[in-house]
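A.B. asks: These are the residues of each chain, in order.
There are 2 protein chains.
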Amino acid sequence: MSKPLPGIDDIRNAAARLAGHAVRTPLLTSSYLDAVTGARVLIKAECLQRTGSFKFRGGYNAVASLDPEIRARGVVAVSSGNHAQGVAEAARLFGVPSTIVMPADAPAAKLARTRRSGATVVTYDRAREDREAVAAKVMAERGGVLIHPYNDASVIAGQGTVGLEIAADVEAMGLVPDVVAVPCSGGGLGAGVGVGMRATFRDCAVALVEPEGFDDYARSLREGRILANSSQSGSICDALMAVSPGSIGFALNLASNTRAVAVNDAEALAALAFAFNELKLVVEPGGAVALAALLTGRLDARGKTVAIVLSGGNIDGDLLARALAEGRDTQWRN
Amino acid sequence: MSKPLPGIDDIRNAAARLAGHAVRTPLLTSSYLDAVTGARVLIKAECLQRTGSFKFRGGYNAVASLDPEIRARGVVAVSSGNHAQGVAEAARLFGVPSTIVMPADAPAAKLARTRRSGATVVTYDRAREDREAVAAKVMAERGGVLIHPYNDASVIAGQGTVGLEIAADVEAMGLVPDVVAVPCSGGGLGAGVGVGMRATFRDCAVALVEPEGFDDYARSLREGRILANSSQSGSICDALMAVSPGSIGFALNLASNTRAVAVNDAEALAALAFAFNELKLVVEPGGAVALAALLTGRLDARGKTVAIVLSGGNIDGDLLARALAEGRDTQWRN
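As given, the protein sequences belong to chains P and E, one line each in that order.
With the working numbering, letter number 310 in the first sequence gets 310, and the count goes up by one each step, no holes.
For any residue, its number in the working numbering is found by taking its place in the second sequence, counting from 1, and adding 1000.
Heads up, some of the hints might be wrong.
[Claimed, not checked] Sample of chain E residues facing chain P (criterion: CB under 7 Å; computed from the structure):
1) P1026
2) C1047
3) K1280
4) G1313
[To be verified] Just the calculated beta-carbon pair ranges, DEER-fashion:
5) P:L93 to E:D1316: 44 to 54 Å
6) P:K3 to E:G1174: 36 to 46 Å
7) P:D300 to E:G1143: 44 to 54 Å
8) E:E1129 to P:G213: 50 to 60 Å
9) E:E1326 to P:A140: 39 to 49 Å
10) P:R322 to E:G1234: 22 to 32 Å
11) E:I1008 to P:L175: 23 to 33 Å
12) P:D67 to E:G1038: 47 to 57 Å
13) E:R1116 to P:G143: 57 to 67 Å
[Claimed, not checked] Facing chain P, from chain E, some residues (calculated, C-beta under 10 Å):
14) T1025
15) S1030
16) Q1049
17) L1066
18) E1089
19) V1096
20) P1097
21) A1273
22) N1277
23) G1312
24) A1321
25) L1324
In short, the hints are calculated from the structure, not lab data.
Don't be surprised by glycine CBs; every beta carbon is placed ideally from N, CA and C.
Chain P with its partners taken away, still in its complex shape (with noise of 0.2 Å):
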């Protein structure tokens, strides 16, 4: 027998776990972004989360939830960076040690940033070596808890409270939310986030964003059946590149009135962009793809209320330069 699958209770006990430690993040307005896409849109701003984005919430809630004497062990993750960076802080925050498994062409912050959370970090060719061959090495010298980066109810539950806090703060201003569109990668952020939104909103919809060529959610929930990709390199969206979905995460995602739509490489860089010059914020290719879709009308949202997740801003400063370069002649005004 299966364990149950995370619910609004376990939401609600990691939102509590998670108080004074997280970030409470803004949801955010703009009204030239409801002019551009004649939508009404709100931004919930997860790339202002404690370590850049909302990993952490994630990291955090499963470092919590386990028995004291087994994470007294330490840690291990397996992760492009976010992942990576939520659990190490999650790890120093109760003083257990962490190992953190990265490619070795993650971005420089994201590498940088791990450390400084006191994390030992081990390094793999994401194109030669299989990650979980690493991870099962490192697990096997040095022992510790894996924390899986999105098939694990915990991890779960912890990206769920931003849509109990997305919910919150739409209800709080009078509105009713069409639908919700969040980056994804696992799906357990998008899992997360439809179980949080739905115990106010019932009827609102999830969008999970998947970067081109990486749109093995899109298959697998057309065919009801987890398919992989075939690649595991090659787009810009360098959080967005697991293989397949977590098959807890799909089992909720197939359950309720979930959809996934795919934006390609420029068009996340020019909506990194869009938020660098007209909301002020700093957003990672992978972390801007649901804003990119709106931008793009790949997700449809003329005369909707739409609420959108930025999960992420752990950019370096030359691909950011990048995408303002290539995004300066973008004219989004309809």
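Starting from the known structure of chain P, fit chain E onto it as the hints suggest.
C.D. replies: Frame of chain P; chain E shown alone:
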């Protein structure tokens, strides 16, 4: 007999006018910034304000306060670029024409965004032309009401809503602020914020932060009379080069617990790189000086509760790239 100075009731009236038009910007926290400074820091992110700076508040309040018949003839402003956008956007919302006199070397983003709000932009040479003379010529030719960037009671009342919001949020957090630090050019923001804060926290000090070489406010406060800067160009803080304190704000600041400190170009750039890397906020040089004063210790904050205003985020990408390159090796951790 001179007009009474703007007070807390004027600020509350401004807040009522601004409701639904201005962004109620968040008061953010960063555990990393707290660790670096040894202070409890509360970050008022006015870079997230409509038009990208706090200036929309004062501009809108001033335009809204005009007699409708007078307003219909249009408004004029002289501005380095943020007041420009604030007044232009306010005029657009009221459906009246605006003419803005701006230095030709203003950041490209500021010029473009002012025009985008429908303003007619008249440029002048900052080093060779007298901007007051240019403005007088524009007024003579086109008519309209001049909205002064800082020496105007309704503008100061509008900026004061920043202080009102900080005070409300700090109170809700159960904290008592020792000092609020704000960027300073003509002194309107500091004066308004001081009045807005002290209505709730009577003993809260105000620290005005100026660019080095443009310390007219510090010298004026010291001598108890309005003194001017000798230069009108030469700081990277393009928004903070007013010639001398405005008399209305100066009267308010002189009568209260207000002091002024200065930061140099390199410190402003390092602070905006910090805002990019750690806070994930886009801040322009002039908008980052209060953060710079905190990070450098020019504002002594250890053990204190300090609110800082990040007043604007209208920076061009190439300058940000320079700040990130120069600030790459700055170590802030104490």
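A.B. asks: With reference to the structure, classify each hint as holding or not holding.
C.D. replies: Checked hints:
{"no.": "1", "hint": "P1026", "verdict": "holds (4 Å)"}
{"no.": "2", "hint": "C1047", "verdict": "holds (4 Å)"}
{"no.": "3", "hint": "K1280", "verdict": "holds (4 Å)"}
{"no.": "4", "hint": "G1313", "verdict": "holds (4 Å)"}
{"no.": "5", "hint": "P:L93 to E:D1316: 44 to 54 Å", "verdict": "violated (38 Å)"}
{"no.": "6", "hint": "P:K3 to E:G1174: 36 to 46 Å", "verdict": "holds (39 Å)"}
{"no.": "7", "hint": "P:D300 to E:G1143: 44 to 54 Å", "verdict": "holds (46 Å)"}
{"no.": "8", "hint": "E:E1129 to P:G213: 50 to 60 Å", "verdict": "holds (54 Å)"}
{"no.": "9", "hint": "E:E1326 to P:A140: 39 to 49 Å", "verdict": "holds (44 Å)"}
{"no.": "10", "hint": "P:R322 to E:G1234: 22 to 32 Å", "verdict": "holds (31 Å)"}
{"no.": "11", "hint": "E:I1008 to P:L175: 23 to 33 Å", "verdict": "holds (31 Å)"}
{"no.": "12", "hint": "P:D67 to E:G1038: 47 to 57 Å", "verdict": "violated (35 Å)"}
{"no.": "13", "hint": "E:R1116 to P:G143: 57 to 67 Å", "verdict": "holds (58 Å)"}
{"no.": "14", "hint": "T1025", "verdict": "holds (8 Å)"}
{"no.": "15", "hint": "S1030", "verdict": "holds (8 Å)"}
{"no.": "16", "hint": "Q1049", "verdict": "holds (9 Å)"}
{"no.": "17", "hint": "L1066", "verdict": "violated (21 Å)"}
{"no.": "18", "hint": "E1089", "verdict": "holds (9 Å)"}
{"no.": "19", "hint": "V1096", "verdict": "violated (18 Å)"}
{"no.": "20", "hint": "P1097", "verdict": "violated (20 Å)"}
{"no.": "21", "hint": "A1273", "verdict": "holds (8 Å)"}
{"no.": "22", "hint": "N1277", "verdict": "holds (7 Å)"}
{"no.": "23", "hint": "G1312", "verdict": "holds (9 Å)"}
{"no.": "24", "hint": "A1321", "verdict": "holds (4 Å)"}
{"no.": "25", "hint": "L1324", "verdict": "holds (4 Å)"}
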